[in-house]
Amino acid sequence: MTTECLTNKKVLTKGNYAIAQAAILAGCQCYFGYPITPQSEIGEFMSGKMQELKRGYVSAESELAAINMTIGAVSTGVKAMTSSSSCAVALMQEGLSYATADELPVVLISVMRGGPGLGNIYPSQGDYFQATKGGGNGDYHLIVLAPSTVQECVDLTYKAFYLAQKYRNPAVLLADGLLGQMMEPVEFYDYPYPEIDTSSWALTGAKGREARIIRSYAPLADNQCVFLEKLYQKYKVIEENEVEWEEINTDDADIILVSFGSTSRNAKTAMKQLREKGIKAGLFRPVTLYPFPNKRLHELAQKTKKFVTVEVNMGQMVNDVRLAVNGACPVELVNKGVGAPPSAAEIVSKIEELL
Amino acid sequence: MATQVFKLPESLKGDVKYSFCPGCDHGIAVRLVAEVIDELGIRENTILSASIGCSVTTYDFINVDALEAPHGRAMAEATGIKRARPDKIVFTYQGDGDFASIGLAESMHAALRGEKLTAICINNTTYGMTGGQLGPTTLLGQVTTTSPTGRNVDYYGYPIKIAEHIALCDGTAFSARVSLDTVANIRKAKQAIKKAFEVQIKGLGFGFVEILSTCPTNWKMSPQKAHERVRNEMMAVFKPGIYKDQT
Amino acid sequence: MEKNFIIAGFGGQGVLLAGEVLANAFMLAGKHVTWYPSYGAEMRGGTVNCEVVMSDEEVSEVNKSDADFVIALNQASFDKFLSKIKKGGWMIANSTLAREIKTRTDINYLFAPITKLAEDVGNIKMANILALGLLVKASRLVNLETLNQALDTVIPPHRKNLLPLNIKALKIGYEYDLLTV
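Protein chains in written order, with my numbering: chain A, -19 to 335; chain B, 67 to 313; chain C, 659 to 839.
It is worth saying that the hints were derived from the structure and are not from the lab.
Incorrect hints may have been included.
[Stated by the list, open to error] In silico lysine-lysine, DSSO-like type, Cα no more than 27 Å apart, as pairs:
| no. | chain 1 | residue 1 | chain 2 | residue 2 |
| --- | --- | --- | --- | --- |
| 1 | A | Lys252 | C | Lys744 |
| 2 | A | Lys316 | A | Lys113 |
| 3 | B | Lys79 | A | Lys187 |
| 4 | C | Lys661 | A | Lys252 |
| 5 | C | Lys742 | A | Lys330 |
| 6 | A | Lys(-11) | C | Lys818 |
| 7 | A | Lys257 | C | Lys661 |
| 8 | A | Lys316 | C | Lys738 |
Input sequences plus hints: build the corresponding full structure.
Shown next, in the form of structure tokens:
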């Protein structure tokens, strides 16, 4: 499929539709999902579009089924994805753990809502831990990308497919209910990454070669140690090459706001307002939550006086910033439990209290 | 001149140690599946979605591409494989715990969707790999490590008749229950397995075979006694037969 | 310059669509714009609103606490959003379904019988678009022609037969005499 009808033209698009459309353009051959607010538009869009394009689509019976159908599809070398939200992504943790062990390029779109438990359908960043620390068993990482605009929902959906295949590791697009539901002008374009050759490992039938087995079962402890070493060598390469972040006004900043996703937009405005008040503020926005920009934060910690993370959760990323900073300067938290991000004015006033 | 009358099916790996317990019917079932794959000439175009349980190492024995699924999710992974590569022959090899307990939702929905898949399910009335606990097919009165005084209805409810349930799904094209207790029944079992693959190849729908099997180790019986139990006790509840055939 | 708009009413009154049309118009006019909805839990009949923020630069915030312009298509929306209007801002209210009471003196009011005018156009469902006509006139932030284009963008191909009626509703809203207020 080409973007002929869409290229070079801005289209006002809802985040969820932007993600779905980008997945189609990225060459996603199969979609499996179970509805949950606030991301149901992704499955709705895919149900029609995938059938129109004669690609794979299943209204899965559960999120357990959806993630495992996705594993099945990507094991054959094609691009495939599922999408879900919070309490239902919780059901996928087992599958994600298997997919890392199987080294399979699963793409998961996780559109966060309020939790714990059923929580509510309001936007949230409460699944930072779920995505970056994982709820599945064993040692593993998911590649986690956090868009802050609807345009980035497109850009990073492409990137999720690419990185997943490049490293044969599940990749998560960690959006939130606000991004999923809001509309902004976006530009679609052709998939900008090279296609990855999957023929050396994909299950396509043992024709003219040995039969392949994709499995995580490692009955012997020694073998598992070897595998884990290899897996973590891969994570080292990812950490060295794929860290992405944005920083504004950090050079002379006395205080650096660290914020990801849709919340970072308000943090950015707050940073500008602090500057207008004569406070030297900067903004640091991790785009990849794994790999996390530890190194850069550590560098900045040597010259700034304070970090403040701005999050819509009870304080999750703040822990990673503290680890990166390693005591070089204080790291504070400005947060809100759930809902749309705190306003710039609220952020400014809370930061003024901290100074 | 010597005539070869018996050989290893091409779809079985010859150079591996088969890890099933002596007298267990898994070995026969795996061999029958391999013979069917050979006879249909589909080995190079077939993908196995393997399960968890005693069946976990099936991929070490059957010489086809294979993906290991988490416990109960073999039908979901098979669905994903088939939707991504509709030209491939995709099958699962599962135990009753995997297929009809933890994976019941995936199994029923694959059948209801009429997925062009083949599922082979071993029914040995127990969770074999974990040491003989009560499973979904454990018979009333049967003693297991988690039903020490025998399965009673008050605490455990009733065993599931899998082949009958799968036959009720509109997407199912073939559903049968077979046993491996006699040579004649082994022949019938092979025919059923073949049909379960053929309905997939012909695009008719979901193909299913439930195989009544022994577990001499956990039943604490000799292989001979175990087969008598299949005949006398299991078949009384799980009646062999073809429950649906749309070929 | 950044201006924000809230369009509110009952579920089913088309407030989300009106917001989408407005946001498209700003996009077509080359502005930065965001559209963000807020629903009740019900699928139909609850109160619904959406926020549209238009800016010459990157939109500063989504889900703002105040608004420059509010369109209230029913009484509940009028009551809910009156206090959120910035000083000197506008309350554009549907007088068919909301009482003409001006408790605040620091804002502008535009009461029009939007539902009745839509009925006169020939389709009560045109109330949302008709209200946009009023907004265009009061705000002067986007022109009618761009809104017509936005309607064309938003209305799907299989509903294109409704485009002329929408354009007519927009025009009637736009031409509703401001002086009669």
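Sort out whether lysine 252(A) lies within 27 Å of lysine 661(C), counting only the CA atoms.
-> holds, 18 Å
Are lysine 316(A) and lysine 113(A) close enough, with their CA atoms no more than 27 Å apart?
-> Holds - the C-alpha atoms of lysine 113(A) and lysine 316(A) are around 21 Å apart, at most 27 Å.
Does lysine 330(A) lie within 27 Å of lysine 742(C) when you go C-alpha to C-alpha?
-> Within the cut-off at roughly 22 Å; holds.
Are lysine -11(A) and lysine 818(C) close enough, with their CA atoms no more than 27 Å apart?
-> Measuring from Cα to Cα gives roughly 21 Å; hence the hint holds.
Measure nothing beyond the straight line between the CA atoms of lysine 316(A) and lysine 738(C); if it is 27 Å or shorter, mark the hint as holding.
-> holds, 23 Å
Is lysine 79(B) close enough to lysine 187(A), meaning Cα to Cα at most 27 Å?
-> holds, 15 Å
Measure nothing beyond the straight line between the CA atoms of lysine 257(A) and lysine 661(C); if it is 27 Å or shorter, mark the hint as holding.
-> At roughly 22 Å apart (the allowed maximum being 27 Å), lysine 661(C) and lysine 257(A) satisfy the hint.
Straight-line alpha-carbon gap lysine 252(A) to lysine 744(C), limit 27 Å = holds, 21 Å
Consistency note: the structure conflicts with none of the earlier hints.
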